[in-house]
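S.K.: Below are the chains, spelled out letter by letter.
There are 2 protein chains.
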Amino acid sequence: MRIVVDAMGSDNRPGPDVAGAVWAAREFEETIILVGDQAQIEAELAKEDTAGLPIEVRHAATAVPMDAKPTEVVKGLPGSSMHVGLGLVRDGEADAFVTAGNTGAVLAIATLRGVGLGRIPGVKRPGLGVVFPIKERPFLIDSGANADCKAEYLLQFGIMGSIYMARVHGVENPRVGLISNGEEEGKGTELVKEAGALLKASGLNYVGNIEPKEFMNGAANVAVTDGFSGNLIMKTSEAIAKYMSDAIREQMMAGPRTILGGLLARPAFTRVRRQLDPEEVGGAPLLGVQGVVIIGHGRSGALAIKHAVGQARLVVQSGVVGAIEEGIVSRNP
Amino acid sequence: MRIVVDAMGSDNRPGPDVAGAVWAAREFEETIILVGDQAQIEAELAKEDTAGLPIEVRHAATAVPMDAKPTEVVKGLPGSSMHVGLGLVRDGEADAFVTAGNTGAVLAIATLRGVGLGRIPGVKRPGLGVVFPIKERPFLIDSGANADCKAEYLLQFGIMGSIYMARVHGVENPRVGLISNGEEEGKGTELVKEAGALLKASGLNYVGNIEPKEFMNGAANVAVTDGFSGNLIMKTSEAIAKYMSDAIREQMMAGPRTILGGLLARPAFTRVRRQLDPEEVGGAPLLGVQGVVIIGHGRSGALAIKHAVGQARLVVQSGVVGAIEEGIVSRNP
Numbered sequence: 001m002r003i004v005v006d007a008m009g010s011d012n013r014p015g016p017d018v019a020g021a022v023w024a025a026r027e028f029e030e031t032i033i034l035v036g037d038q039a040q041i042e043a044e045l046a047k048e049d050t051a052g053l054p055i056e057v058r059h060a061a062t063a064v065p066m067d068a069k070p071t072e073v074v075k076g077l078p079g080s081s082m083h084v085g086l087g088l089v090r091d092g093e094a095d096a097f098v099t100a101g102n103t104g105a106v107l108a109i110a111t112l113r114g115v116g117l118g119r120i121p122g123v124k125r126p127g128l129g130v131v132f133p134i135k136e137r138p139f140l141i142d143s144g145a146n147a148d149c150k151a152e153y154l155l156q157f158g159i160m161g162s163i164y165m166a167r168v169h170g171v172e173n174p175r176v177g178l179i180s181n182g183e184e185e186g187k188g189t190e191l192v193k194e195a196g197a198l199l200k201a202s203g204l205n206y207v208g209n210i211e212p213k214e215f216m217n218g219a220a221n222v223a224v225t226d227g228f229s230g231n232l233i234m235k236t237s238e239a240i241a242k243y244m245s246d247a248i249r250e251q252m253m254a255g256p257r258t259i260l261g262g263l264l265a266r267p268a269f270t271r272v273r274r275q276l277d278p279e280e281v282g283g284a285p286l287l288g289v290q291g292v293v294i295i296g297h298g299r300s301g302a303l304a305i306k307h308a309v310g311q312a313r314l315v316v317q318s319g320v321v322g323a324i325e326e327g328i329v330s331r332n333p
Numbered sequence: 001m002r003i004v005v006d007a008m009g010s011d012n013r014p015g016p017d018v019a020g021a022v023w024a025a026r027e028f029e030e031t032i033i034l035v036g037d038q039a040q041i042e043a044e045l046a047k048e049d050t051a052g053l054p055i056e057v058r059h060a061a062t063a064v065p066m067d068a069k070p071t072e073v074v075k076g077l078p079g080s081s082m083h084v085g086l087g088l089v090r091d092g093e094a095d096a097f098v099t100a101g102n103t104g105a106v107l108a109i110a111t112l113r114g115v116g117l118g119r120i121p122g123v124k125r126p127g128l129g130v131v132f133p134i135k136e137r138p139f140l141i142d143s144g145a146n147a148d149c150k151a152e153y154l155l156q157f158g159i160m161g162s163i164y165m166a167r168v169h170g171v172e173n174p175r176v177g178l179i180s181n182g183e184e185e186g187k188g189t190e191l192v193k194e195a196g197a198l199l200k201a202s203g204l205n206y207v208g209n210i211e212p213k214e215f216m217n218g219a220a221n222v223a224v225t226d227g228f229s230g231n232l233i234m235k236t237s238e239a240i241a242k243y244m245s246d247a248i249r250e251q252m253m254a255g256p257r258t259i260l261g262g263l264l265a266r267p268a269f270t271r272v273r274r275q276l277d278p279e280e281v282g283g284a285p286l287l288g289v290q291g292v293v294i295i296g297h298g299r300s301g302a303l304a305i306k307h308a309v310g311q312a313r314l315v316v317q318s319g320v321v322g323a324i325e326e327g328i329v330s331r332n333p
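Which chain is which? The protein sequence lines are A and B, in order.
In this text, residue positions in the first sequence follow our numbering: the first is 1, and each later residue adds one.
In this text, residue positions in the second sequence follow our numbering: the first is 1, and each later residue adds one.
If you are wondering where the hints come from, they were derived from the structure by calculation, not from laboratory data.
Yeah, the Cβ is synthetic: ideal placement off N, Cα and C, and Gly gets one too.
Warning: the hint list may mix true and false statements.
No farther apart than 20 Å at their CA atoms in a straight line, the calculated lysine to aspartate or glutamate pairs in the DMTMM-like style are these [stated by the list, open to error]:
| hint | chain 1 | residue 1 | chain 2 | residue 2 |
| --- | --- | --- | --- | --- |
| 1 | A | 124 | A | 148 |
| 2 | A | 187 | B | 67 |
| 3 | B | 213 | A | 246 |
| 4 | A | 135 | B | 238 |
| 5 | A | 242 | B | 250 |
| 6 | A | 242 | B | 37 |
| 7 | B | 135 | B | 238 |
| 8 | A | 124 | B | 190 |
| 9 | A | 242 | B | 136 |
| 10 | A | 213 | A | 250 |
| 11 | B | 47 | B | 37 |
Just the calculated beta-carbon pair ranges, DEER-fashion [unchecked claim]:
| hint | chain 1 | residue 1 | chain 2 | residue 2 | range |
| --- | --- | --- | --- | --- | --- |
| 12 | A | 148 | B | 329 | 30 to 38 Å |
| 13 | A | 1 | B | 203 | 57 to 65 Å |
| 14 | B | 299 | A | 246 | 23 to 31 Å |
| 15 | B | 270 | A | 78 | 21 to 29 Å |
| 16 | B | 113 | A | 136 | 18 to 26 Å |
Could you build all of it, start to finish, from the sequences and the hints given here?
M.R.: Now the structure itself:
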């Protein structure tokens, strides 16, 4: 297997990206192709012990700026590491593409046929999935690729998410829920009501509307929503988790008794914080494009990059792309 | 001042509702009108020392079931405590209505002219606001009254929220933000883009798009969003806060050292939990109807009911309803 890692992806590129790629090459024993500025990549590689590791370097003249507008990058920056890396997957020279770069940019480039990979036939809109870092590990799709959605996109997110959870995470007949502001049928926006009717008739293991509480409790293995709402759920979760950690730390510093308590209890906090840490999760799969694409957090360190490569490997092995093609076609007569 | 309390509101009605009303009558020295089943209310009042307190009872033949569909209740249950209580406000016999009952039902009844209060002239859709129980106390509107919104509703939520925060919470020239999935202008759904343009031209102290992180940090005093997204933000916050509390407690039980630490640090947790407790916040004001309506959590205990009455009192005193009428008319030539 050959996995491309965008060396120019993370906020601190190319350090964590290269270190994570080396780590992955050693652990998974698959070929890693680092794409980006050759001189910078080689300088980073020189810091590591790479003897005997299956690592290749492919030069890319530019890197996508973190804050670049996707529309400007897609055709305006054809030599970027994202273009070159996705091109390798498109041309069959590699099996998967991993990046911690500008999410909007990689979505746009990957989705455009001829430039990146293009959509799987029949797929209306690729969806960005994410395994939520809580105990039940629910899969949220779309978590941010498509702000405005139609009901049929949501149906397809359900199909693709179900295939992903079954194949990659071994969940048998995944329960599919629809995010809404009430559990009762008929609650929600017009979009939710329409999508609910489609999902109910889909043959998926559809459990109906779920609220955030049910989502966190694992009422569904796959939670379907539009990219705007999915993004809000993800970012609100991150923001509240941080708020609570900070508030508890602050309150603990209020007196000697709680300071001592905090010191003694620290391992418990560390475990909870680590559980909720994006570093531990890896990346978000972009489902519905003609190839395997895993997008990591911009804050990714080497560990997160390594996890993302491991995830890409599982997705390739489990044949998700082919299964989605089959699943979408069979449901779109 | 005369404030109506729906005795048949909370999940455990009428106990907490009556106890909270008595508490409020004692603390605020305003007349409280308890509306609901007279026999049940009097049985609860008999448990309290109400000598000399300005409490009246008004009988209502029925109560709105917690899970009743709003559409079925509005005209189907005309003798409910919500109908009777809101009628007192409409007819000038009382100044405000407080309930911890079925939110959808009170929204529907209050909004319908002739049945409840009706909308303030010029208001397209009343919005449900909520002061978020975090340090910066941002106001989120709409938090659940209108799942599907148009841009002009969002503009009006901004106007009404701004008036509320200025008058009731004394915030000078409140900063108004628009919830989106990215801070840059142009990020978000079509609805967000349209509403952003209206807010920018509104004369409000508009600070642009805010993400959940900025919302939690207090980047805006008023955060405008549609009722579907607002509800997701609120419920995701509650769900994650509960998840973290449970996870920390569980991890602390893992060994003697962390158990001891947890015992010592308990006061710090209690303070954080209390800070985030809906009991402490009071209720959510419904803005845009012709009268003061405060809606409490179904789980409300006596303390929450008392807080909600206190909030209703502040809203009446500060003349929010008249100011909204003026503010909406002056911006809708």
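S.K.: Each hint: holds or not?
M.R.: Going down the list of hints, with the structure as the test:
At most 20 Å may separate the alpha-carbon atoms for a hinted pair to count; residue 124 (chain A) and residue 148 (chain A) meet this at roughly 13 Å. Pair hint residue 187 (chain A) plus residue 67 (chain B) holds up; C-alpha atoms about 12 Å apart against a cutoff of 20 Å. A threshold of 20 Å between alpha carbons decides the hint, and for residue 213 (chain B) with residue 246 (chain A) the separation of about 13 Å falls inside it, so the pair holds. Restraint check: the Cα-Cα separation between residue 135 (chain A) and residue 238 (chain B) comes to about 17 Å, which is no more than 20 Å; the hinted pair holds.
About 19 Å separates the Cα atoms of residue 242 (chain A) and residue 250 (chain B), which keeps this hinted pair within 20 Å; it holds. With a C-alpha separation of about 46 Å, the suggested pairing of residue 242 (chain A) with residue 37 (chain B) is violated against the 20 Å cut-off. As the CA atoms of residue 135 (chain B) and residue 238 (chain B) are separated by approximately 15 Å, the hinted pair is consistent with the 20 Å bound. Proximity of residue 124 (chain A) to residue 190 (chain B) is assessed by CA-CA distance (about 19 Å); at most 20 Å being required, the pair is judged to hold.
Restraint check for residue 242 (chain A) and residue 136 (chain B): the C-alpha separation of about 15 Å stays at or below 20 Å, so the hint holds. As the CA atoms of residue 213 (chain A) and residue 250 (chain A) are separated by approximately 27 Å, the hinted pair breaks the 20 Å bound. With a CA separation close to 16 Å, the supplied pair residue 47 (chain B) and residue 37 (chain B) stays within the 20 Å bound. In this structure the supplied range 30 to 38 Å holds for residue 148 (chain A) paired with residue 329 (chain B), their Cβ-Cβ distance being about 32 Å.
Under the hint 57 to 65 Å, the C-beta atoms of residue 1 (chain A) and residue 203 (chain B), about 59 Å apart, fit the expected range. For the pair residue 299 (chain B) and residue 246 (chain A), the beta carbons lie near 26 Å from each other, so the given range of 23 to 31 Å is met. For the pair residue 270 (chain B) and residue 78 (chain A), the supplied restraint of 21 to 29 Å is violated, since their beta-carbon distance comes to about 58 Å. Hint check: residue 113 (chain B) to residue 136 (chain A), Cβ distance near 46 Å, so the stated range 18 to 26 Å is violated.
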